[in-house]
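S.K.: Sequence:
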Amino acid sequence: MRSRTRWLSAVVGAAVWSLVAGSPAPAASIKGTIQYAGGAVEARKLAVTIDQFVCGKEKDADDLVLSPQKGIRSAVVWLETPPPGVKANPAPPAQIDQKQCAFTPRVVVVPAGGTVEFLNSDRLLHNIHSVSKDNPTINRTQPKARTIPVVFAKPEIIRIKCDLHSWMNAWVVVADHPFYAVTNEQGGFVLDNLPSGQYTLRIWHESLGTLRKDVTVSDGVTAVTVEMGPK
14 MRSRTRWLSA VVGAAVWSLV AGSPAPAASI KGTIQYAGGA VEARKLAVTI
64 DQFVCGKEKD ADDLVLSPQK GIRSAVVWLE TPPPGVKANP APPAQIDQKQ
114 CAFTPRVVVV PAGGTVEFLN SDRLLHNIHS VSKDNPTINR TQPKARTIPV
164 VFAKPEIIRI KCDLHSWMNA WVVVADHPFY AVTNEQGGFV LDNLPSGQYT
214 LRIWHESLGT LRKDVTVSDG VTAVTVEMGP K
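Just so you know, we're using this note's numbering here: the sequence shown kicks off at 14 and counts up by one.
The set of hints was computed from the structure by calculation and includes no laboratory data. Incorrect hints may appear among the rest.
[To be verified] Below, computed lysine-lysine pairings styled on DSS-like, alpha-carbon distance capped at 30 angstroms:
#	residue 1	residue 2
1	167	157
2	58	244
3	83	174
4	58	157
5	112	58
6	174	112
7	44	244
8	70	112
9	174	157
10	83	44
11	100	44
[Said to hold, decoys possible] Pairwise CB distance ranges, derived in the manner of DEER restraints:
#	residue 1	residue 2	range
12	58	215	27 to 37 angstroms
13	223	100	22 to 32 angstroms
14	152	238	33 to 43 angstroms
15	71	97	45 to 55 angstroms
16	70	176	18 to 28 angstroms
Where a beta carbon is used, it is the ideal one built from N, C-alpha and C, also for glycine.
Produce the entire structure from the sequences given, and follow the hints as far as they go.
M.R.: Structure representation (structure tokens):
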């Protein structure tokens with residue numbers, strides 16, 4: 014059974030970090046759902062060959078998780094071009110824990126220059142290894158109960174893996190403006206504090222790639238549904 018606690022930090026969020034005075038007056042929101050457009054998705058299990066006393070004998074493959082209505086969890090939605098004049102307050106550190114040999118949550122968003130605190134709640138050794146181009150690579154072992162803070166300076170999408178447990182993957186999305194959100198268990202998201210106007214949404218998912226959708230935003234709430242299918 015998938016652990017629901019893995020998705021607590023992927024709540025319906027508007028901005029990843031808050032706007033400060035002097036930004037455009039908030040007037041509108043985009044409230045949407047990212048929907049899977051492909052056929053039936055069969056649940057997959059990944060074999061566990063080591064540390065079964067903590068990890069179990071198999072793990073759910075969480076690279077594509079859908080709600081009963083085919084909403085896509087842990088997709089990242091953002092504005093391709095933010096409104097002019099946007100400034101942001103510093104964000105508190107995001108956290109990625111390691112519980113029962115799985116990263117929790119699987120996807121986090123932090124602003125450029127922001128910090129991710131990597132935790133280890135398991136009673137065994139893990140390893141944090143980033144796969145990145147624009148940010149320095151990290152590759153550090155992590156014993157139980159040690160917190161490792163990492164600053165990510167430049168915008169990009171970074172894979173985090175554990176070399177000791179090959180099925181473990183997470184993603185850090187380093188954002189260049191505040192208008193990012195991670196979809197919740199139903200595939201929902203909200204982008205708040207927008208002036209009305211024309212915007213292009215970008216949507217990324219680790220298994221389905223990236224797509225764009227143009228949206229006209231009026232005062233109040235603009236509802237959108239975006240369909241994503243297999244590559």
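S.K.: Would you mind marking each hint as holding or not holding in the structure?
M.R.: Results of checking the hints against the structure:
| no. | hint | verdict |
| --- | --- | --- |
| 1 | 167 with 157 | holds (29 angstroms) |
| 2 | 58 with 244 | holds (21 angstroms) |
| 3 | 83 with 174 | holds (27 angstroms) |
| 4 | 58 with 157 | holds (26 angstroms) |
| 5 | 112 with 58 | holds (17 angstroms) |
| 6 | 174 with 112 | holds (14 angstroms) |
| 7 | 44 with 244 | holds (25 angstroms) |
| 8 | 70 with 112 | holds (15 angstroms) |
| 9 | 174 with 157 | holds (17 angstroms) |
| 10 | 83 with 44 | holds (17 angstroms) |
| 11 | 100 with 44 | holds (22 angstroms) |
| 12 | 58 with 215: 27 to 37 angstroms | holds (32 angstroms) |
| 13 | 223 with 100: 22 to 32 angstroms | holds (26 angstroms) |
| 14 | 152 with 238: 33 to 43 angstroms | holds (40 angstroms) |
| 15 | 71 with 97: 45 to 55 angstroms | holds (50 angstroms) |
| 16 | 70 with 176: 18 to 28 angstroms | holds (21 angstroms) |
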